[in-house]
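K.L.:
Working from the sequences, and respecting the hints, build out all of it.
Those sequence lines, one after another, are chains A and B. Mapped onto full-length UniProt numbering, the consecutive letters of the first sequence carry residue numbers 1 to 201. Mapped onto full-length UniProt numbering, the consecutive letters of the second sequence carry residue numbers 1 to 201.
Hints are not guaranteed to be accurate.
A few chain A residues facing chain B, derived, Cβ under 7 Å [what the hints assert, rightly or not]:
{"hint": "1", "residue": "L94"}
{"hint": "2", "residue": "L125"}
{"hint": "3", "residue": "P127"}
{"hint": "4", "residue": "L129"}
{"hint": "5", "residue": "L136"}
Mimicking DSS-like on lysine-lysine, the simulated pairs with C-alpha atoms at most 30 Å apart in a straight line are [claimed, not checked]:
{"hint": "6", "chain 1": "A", "residue 1": "K104", "chain 2": "B", "residue 2": "K86"}
{"hint": "7", "chain 1": "B", "residue 1": "K3", "chain 2": "A", "residue 2": "K86"}
{"hint": "8", "chain 1": "B", "residue 1": "K86", "chain 2": "B", "residue 2": "K182"}
{"hint": "9", "chain 1": "B", "residue 1": "K104", "chain 2": "B", "residue 2": "K86"}
{"hint": "10", "chain 1": "B", "residue 1": "K104", "chain 2": "A", "residue 2": "K86"}
{"hint": "11", "chain 1": "B", "residue 1": "K3", "chain 2": "B", "residue 2": "K86"}
{"hint": "12", "chain 1": "B", "residue 1": "K3", "chain 2": "B", "residue 2": "K104"}
{"hint": "13", "chain 1": "A", "residue 1": "K182", "chain 2": "A", "residue 2": "K104"}
{"hint": "14", "chain 1": "A", "residue 1": "K104", "chain 2": "A", "residue 2": "K3"}
{"hint": "15", "chain 1": "B", "residue 1": "K182", "chain 2": "A", "residue 2": "K86"}
{"hint": "16", "chain 1": "B", "residue 1": "K182", "chain 2": "A", "residue 2": "K182"}
{"hint": "17", "chain 1": "A", "residue 1": "K104", "chain 2": "A", "residue 2": "K86"}
{"hint": "18", "chain 1": "A", "residue 1": "K104", "chain 2": "B", "residue 2": "K104"}
{"hint": "19", "chain 1": "B", "residue 1": "K86", "chain 2": "A", "residue 2": "K182"}
{"hint": "20", "chain 1": "A", "residue 1": "K3", "chain 2": "A", "residue 2": "K86"}
DEER-style ranges, computed between Cβ atoms [said to hold, decoys possible]:
{"hint": "21", "chain 1": "B", "residue 1": "H166", "chain 2": "A", "residue 2": "L44", "range": "53 to 61 Å"}
{"hint": "22", "chain 1": "B", "residue 1": "E160", "chain 2": "A", "residue 2": "G59", "range": "51 to 59 Å"}
{"hint": "23", "chain 1": "A", "residue 1": "A153", "chain 2": "B", "residue 2": "D9", "range": "45 to 53 Å"}
Note that these hints are calculated values from the structure, not bench results. Computed from a prediction, not measured in an experiment: that's the story for all the values here. By construction, the Cβ of each residue, glycine as well, lies at the ideal position given by its N, Cα and C atoms.
2 protein chains.
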Amino acid sequence: MIKLLLAEDQHVVRSALAALLELEDDLTVVAQVGSGDEVVPAALAHTPDVAVLDVDMPGLDGLSAAAELRERLPRCRVLILTGHGKPGHLRRALSADVGGFLLKTAPPDDLTGAIRTVAAGGRVLDPSLAVAAWDLAGNPLTPRDADVLRLAAEGADADEIAARLHLSPGTVRNYLTAIVAKLNARNRTDAVRIAHEAGWI
Amino acid sequence: MIKLLLAEDQHVVRSALAALLELEDDLTVVAQVGSGDEVVPAALAHTPDVAVLDVDMPGLDGLSAAAELRERLPRCRVLILTGHGKPGHLRRALSADVGGFLLKTAPPDDLTGAIRTVAAGGRVLDPSLAVAAWDLAGNPLTPRDADVLRLAAEGADADEIAARLHLSPGTVRNYLTAIVAKLNARNRTDAVRIAHEAGWI
Numbered sequence: 001m002i003k004l005l006l007a008e009d010q011h012v013v014r015s016a017l018a019a020l021l022e023l024e025d026d027l028t029v030v031a032q033v034g035s036g037d038e039v040v041p042a043a044l045a046h047t048p049d050v051a052v053l054d055v056d057m058p059g060l061d062g063l064s065a066a067a068e069l070r071e072r073l074p075r076c077r078v079l080i081l082t083g084h085g086k087p088g089h090l091r092r093a094l095s096a097d098v099g100g101f102l103l104k105t106a107p108p109d110d111l112t113g114a115i116r117t118v119a120a121g122g123r124v125l126d127p128s129l130a131v132a133a134w135d136l137a138g139n140p141l142t143p144r145d146a147d148v149l150r151l152a153a154e155g156a157d158a159d160e161i162a163a164r165l166h167l168s169p170g171t172v173r174n175y176l177t178a179i180v181a182k183l184n185a186r187n188r189t190d191a192v193r194i195a196h197e198a199g200w201i
Numbered sequence: 001m002i003k004l005l006l007a008e009d010q011h012v013v014r015s016a017l018a019a020l021l022e023l024e025d026d027l028t029v030v031a032q033v034g035s036g037d038e039v040v041p042a043a044l045a046h047t048p049d050v051a052v053l054d055v056d057m058p059g060l061d062g063l064s065a066a067a068e069l070r071e072r073l074p075r076c077r078v079l080i081l082t083g084h085g086k087p088g089h090l091r092r093a094l095s096a097d098v099g100g101f102l103l104k105t106a107p108p109d110d111l112t113g114a115i116r117t118v119a120a121g122g123r124v125l126d127p128s129l130a131v132a133a134w135d136l137a138g139n140p141l142t143p144r145d146a147d148v149l150r151l152a153a154e155g156a157d158a159d160e161i162a163a164r165l166h167l168s169p170g171t172v173r174n175y176l177t178a179i180v181a182k183l184n185a186r187n188r189t190d191a192v193r194i195a196h197e198a199g200w201i
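P.N.:
Given below as structure tokens:
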């Protein structure tokens with residue numbers, strides 16, 4: 001029996017999903033929560049095999065909850081079930097080492113199949129996100145580079161970025177120089193444009 | 001009208017593909033070749049919009065031909081059409097900046113659709129390769145790192161790797177140290193194992 005935790009803020013959607021999954025002989029929903037903040041406490045209390053997490057939820061989002069879950073309960077695997085596959089979300093899912101990433105447009109059989117694959121230690125990615133994943137594979141930026149560049153894109157200067165990321169201003173300037181070189185950009189503004197168009201920040 | 005070059009070593013397969021593509025009103029096959037070596041000369045002579053390349057061919061393989069084509073005739077876009085999607089092939093396709101990567105198991109409509117997308121500057125990746133692309137996205141190795149590690153996996157020492165890649169032995173040792181660190185490996189052997197299991201070399 002595969003024990004499931006469901007995190008989805010839309011109550012009627014969550015209940016419908018739970019009813020659908022309970023129809024399967026080998027799946028059982030042991031916990032349901034409506035916000036990301038509740039994921040880890042519920043997982044610690046009910047020890048699910050797989051946590052099925054929406055991304056957009058009040059409080060902690062599903063990807064942050066996945067990262068926290070990985071620290072606190074590494075045996076619980078995660079399947080992200082979301083309405084859209086933004087490249088930035090895919091990248092964060094990858095960093096959080098989630099087992100699967102499925103869109104809500106997928107047919108129900110794909111969902112139950114994905115849960116079984118993830119429970120068995122496999123990986124699942126929605127086929128419609130193939131090109132997005134491929135683009136991501138060409139990303140020369142490390143997650144830290146992306147953090148620095150995202151703050152630069154918001155208009156922060158090196159001192160502000162340094163304060164926000166607990167780095168020294170000199171280190172931030174080194175990051176920015178390296179990022180401009182990695183992207184073959186003319187300057188910081190150009191680097192922001194290139195990374196944004198490619199979905200890397 | 002979209003002008004096509006077809007490179008496929010199995011003659012009957014190549015002719016069948018050409019016949020299939022000629023059925024479409026907006027596609028025309030301007031050149032057919034049976035080896036990778038012939039791709040660039042034929043492309044220079046016939047200036048196709050899209051080159052549809054098999055990977056496994058005598059002489060130059062399709063991915064090397066794609067890389068050469070990109071240098072010599074950058075306006076010609078490339079669609080790789082192959083029997084299998086090895087992660088190493090996907091990585092090389094990405095480095096060669098190909099427009100599309102499709103498996104021969106795809107339905108004919110997917111092939112014609114992919115050609116049109118690639119001709120228009122878009123990107124296509126076979127949906128069944130979504131997970132492989134996602135795994136690739138987590139690859140911390142640069143293409144050069146992968147070259148160095150692949151030679152190390154074949155048993156070459158730093159001096160041999162240096163000679164093969166036209167680098168100094170000291171530079172190769174720096175690469176190997178960095179690779180071991182990037183992969184959180186215990187040593188070179190462990191780095192080879194990790195990269196091999198992940199499909200990064």
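K.L.:
All the hints need checking, so say for each whether the structure fits it.
P.N.:
Here's how the hints hold up against the structure:
1. This hint holds: L94(A) has a C-beta 5 Å from the nearest C-beta of chain B, less than the 7 Å allowed.
2. This hint holds: L125(A) has a C-beta 4 Å from the nearest C-beta of chain B, less than the 7 Å allowed.
3. At its closest, the beta carbon of P127(A) sits 3 Å from a beta carbon of chain B; the interface hint therefore holds under the 7 Å criterion.
4. For L129(A), the interface hint holds, since its Cβ comes within 7 Å of a Cβ in chain B; the closest pair sits about 6 Å apart.
5. Hint status for L136(A) relative to chain B: holds, with the closest Cβ pair at about 4 Å, below 7 Å.
6. About 29 Å separates the Cα atoms of K104(A) and K86(B), which keeps this hinted pair within 30 Å; it holds.
7. Distance check on the hinted pair: K3(B) and K86(A) sit about 34 Å apart at the alpha-carbon level, beyond 30 Å; violated.
8. A C-alpha spacing of about 23 Å is found between K86(B) and K182(B), which places the hinted pair at or below 30 Å, so the restraint holds.
9. The hinted pair formed by K104(B) and K86(B) meets the criterion: a straight-line CA distance of about 13 Å does not exceed 30 Å.
10. As the CA atoms of K104(B) and K86(A) are separated by approximately 28 Å, the hinted pair is consistent with the 30 Å bound.
11. At most 30 Å may separate the alpha-carbon atoms for a hinted pair to count; K3(B) and K86(B) meet this at roughly 28 Å.
12. Taking the CA atoms of K3(B) and K104(B), the gap is about 21 Å. The hint holds against a cut of 30 Å.
13. Straight-line distance between C-alpha atoms of K182(A) and K104(A) comes to about 35 Å, which puts the hinted pair past the 30 Å bound.
14. Between the alpha carbons of K104(A) and K3(A) the distance comes to roughly 21 Å, so the proposed pair stays at or under 30 Å and holds.
15. The hinted pair formed by K182(B) and K86(A) meets the criterion: a straight-line CA distance of about 26 Å does not exceed 30 Å.
16. With a CA separation close to 17 Å, the supplied pair K182(B) and K182(A) stays within the 30 Å bound.
17. About 13 Å separates the Cα atoms of K104(A) and K86(A), which keeps this hinted pair within 30 Å; it holds.
18. With a CA separation close to 28 Å, the supplied pair K104(A) and K104(B) stays within the 30 Å bound.
19. Proposed proximity of K86(B) and K182(A) is supported: the alpha carbons are some 27 Å apart, at most 30 Å.
20. For the hint pairing K3(A) with K86(A), the CA-to-CA distance comes to about 28 Å; that is within 30 Å, so the pair holds.
21. Under the hint 53 to 61 Å, the C-beta atoms of H166(B) and L44(A), about 55 Å apart, fit the expected range.
22. A hinted range of 51 to 59 Å holds for the C-beta pair E160(B) and G59(A), which are about 56 Å apart.
23. Separation of A153(A) from D9(B) is about 47 Å and conforms to the stated range, judged on CB atoms against 45 to 53 Å.
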